[in-house]
Amino acid sequence: MNDRHKRMWQMDIGPEQPDRRRFLRGSLALGALPLLGGCSISDEPIVEKALLQVSRFNDRVQAWLFDPEQLAPTYPESMITRPFPFNAYYSLDKVPQVDGERFRLQVGGRVADQRPWSLAELRTLPQTDQVTRLICVEGWSAIGKWGGVRFSDFLERIGADLEAQYVGFRCADGYYTSIDMPTALHPQTLLTLTFDGQVLPARYGFPLKLRMPTKLGYKNPKHVEALFVTNTYPGGYWEDRGYNWFGGS
Amino acid sequence: MNAQPVMANKAAGDVPPVHPLWLRLTHWLNALAVVLMVMSGWRIYNASPLFDFRFPDEITLGGWLAGAILWHFAAMWLLVVNGLLYLSINTATGRLGRRFFPLSPRGFAADLKAAFHGRLSHADPRRYNTVQRAAYLFVILDLVLLVLSGLVLWKSVQFPLLRELMGGYETARYVHFFTMAALVGFVVIHVAMALLVPRSLLHMIRGR
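Protein chains in written order, with our numbering: chain A, 1 to 249; chain B, 1 to 208.
Rather than coming from a laboratory, the hints here were simulated on the basis of the structure.
Quick caveat: nothing in here was measured; it's all calculated off a predicted structure.
Cβ atoms here follow ideal geometry from the backbone N, Cα and C, with glycine treated the same way.
Please note that a few of the clues may not be correct.
[Unchecked claim] Facing chain B, a subset of chain A residues (Cβ under 8 Å, in silico):
#1 L52
#2 E138
#3 A142
[Unchecked claim] Have a look at the derived ranges for each label pair, beta carbon to beta carbon:
#4 D240(A) <-> P16(B): 29 to 39 Å
#5 E121(A) <-> E164(B): 34 to 44 Å
#6 A50(A) <-> L84(B): 18 to 28 Å
Chain A extracted, bound-state conformation (with noise of 0.2 Å):
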């Protein structure tokens, strides 16, 4: 692990702690949402607004080059980071504990078999596992194994609409994302169990990880207790702050 991986793993609670910080006291102020605070030029709702509309239209960009066919490149476990940076918009302390016996997925939305899951019974679905490099917004990327289920086979076997436009994560954190129905079905999208062939440790997102090696670290959401398939655009926890809806890579 080399200095650069070391400072992120104790510094980095969040990208740019200080400055959503500043972002989070503005939006108290104004009671709006001033995304660009800090730059008198941005800080024109009409240009914020612009550039908002522009990541709109990034999204749909996203979508159209989106090959549903292309891999994300896999690598041999040697090249695994070691230790893997801890990321989240809290520090290590702060991560959620969850009891797994009394953990239950519930799936709701555009889904026929609502019956929540245990851990136990996802752990009897058809596993596997993959060495994928996690991209950071930030720029920084770790390469790491995930295993777990398939998320497609997931989403078929509880009878989602597969024809739905989004599927949205509700997590143990606070945390909330969602996805294109395009990347739910990757066949690299796993709804992961383990990290690095180990039971998935809590500060990587105990007890469930949506992996996807081809979207963003921030739409890869941790500790998830809850999903739903629905046609009604959900947003997302950094989603909703400025960050690109799409994420993809």
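Starting from the known structure of chain A, arrange chain B on it as the hints suggest.
What follows is chain B alone, placed relative to chain A:
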């Protein structure tokens, strides 16, 4: 050489401008796109620096990472569409061939020497000296590489061939950084030269 400016004064309408309108427009739009891209890019760099330094926040654009990314991924359209327009018109009109070639190493060395002695001729603004030709061609190629490496950073999965040509995602970050550094280096020299020969600045604004 003396006759030309007089002629230009007498019948300004008949003499074609030093730089055609399309060139002046694409030049200034490109300048705007480059400023937006570089300033927002520095902010993005600061989120995860490749080296042991950060760019001062005051000279960056966007306020925080998400804002910088919004700017960067909006200005990229201006940079690319305008750049393609410039390259197409420049090629189609034959201006690229006329203005930038021939480009001989010997001519370059001679003109560079003359430039350092302050003896480089700017008598005919319609003719680029060899140093100019090399510098402008360099920055065109640099921008192409900058955009291509940026494409790998944005869509590393969707463009596998380009990703491998760049040496993978992590190497593409360095390519993106160094092509940015080369671009900024060019801009510094370019602006200094334009200020040394203010007439060239007027040509790029008014065409004459």
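Practice task
Please test the hint of 29 to 39 Å on the beta carbon pair from D240(A) and P16(B).
Solution key: Violated, since D240(A) and P16(B) (Cβ atoms, about 54 Å apart) do not stay within the stated range.
Exercise for the section: Would you settle whether the hint for E138(A) is holds or violated, based on the nearest Cβ-Cβ distance to chain B being less than 8 Å? Expected result: With a closest approach of 4 Å, the E138(A) hint holds.
Exercise for the section: Classify the hint on L52(A) as holds or violated, based on whether any CB of chain B lies nearer than 8 Å to its CB. Expected result: holds, 7 Å
Practice task
Could you see if the CB distance from A50(A) to L84(B) stays within 18 to 28 Å?
Solution key: holds, 22 Å
Exercise for the section: Using Cβ atoms only, decide whether A142(A) comes closer than 8 Å to chain B, and label the hint accordingly. Expected result: violated, 10 Å
Problem - Outcome for the supplied range 34 to 44 Å, where the beta carbon pair is E121(A) and E164(B) - result: holds, 41 Å
Against the hints set out earlier in the document, violations occur for numbers 3 and 4.
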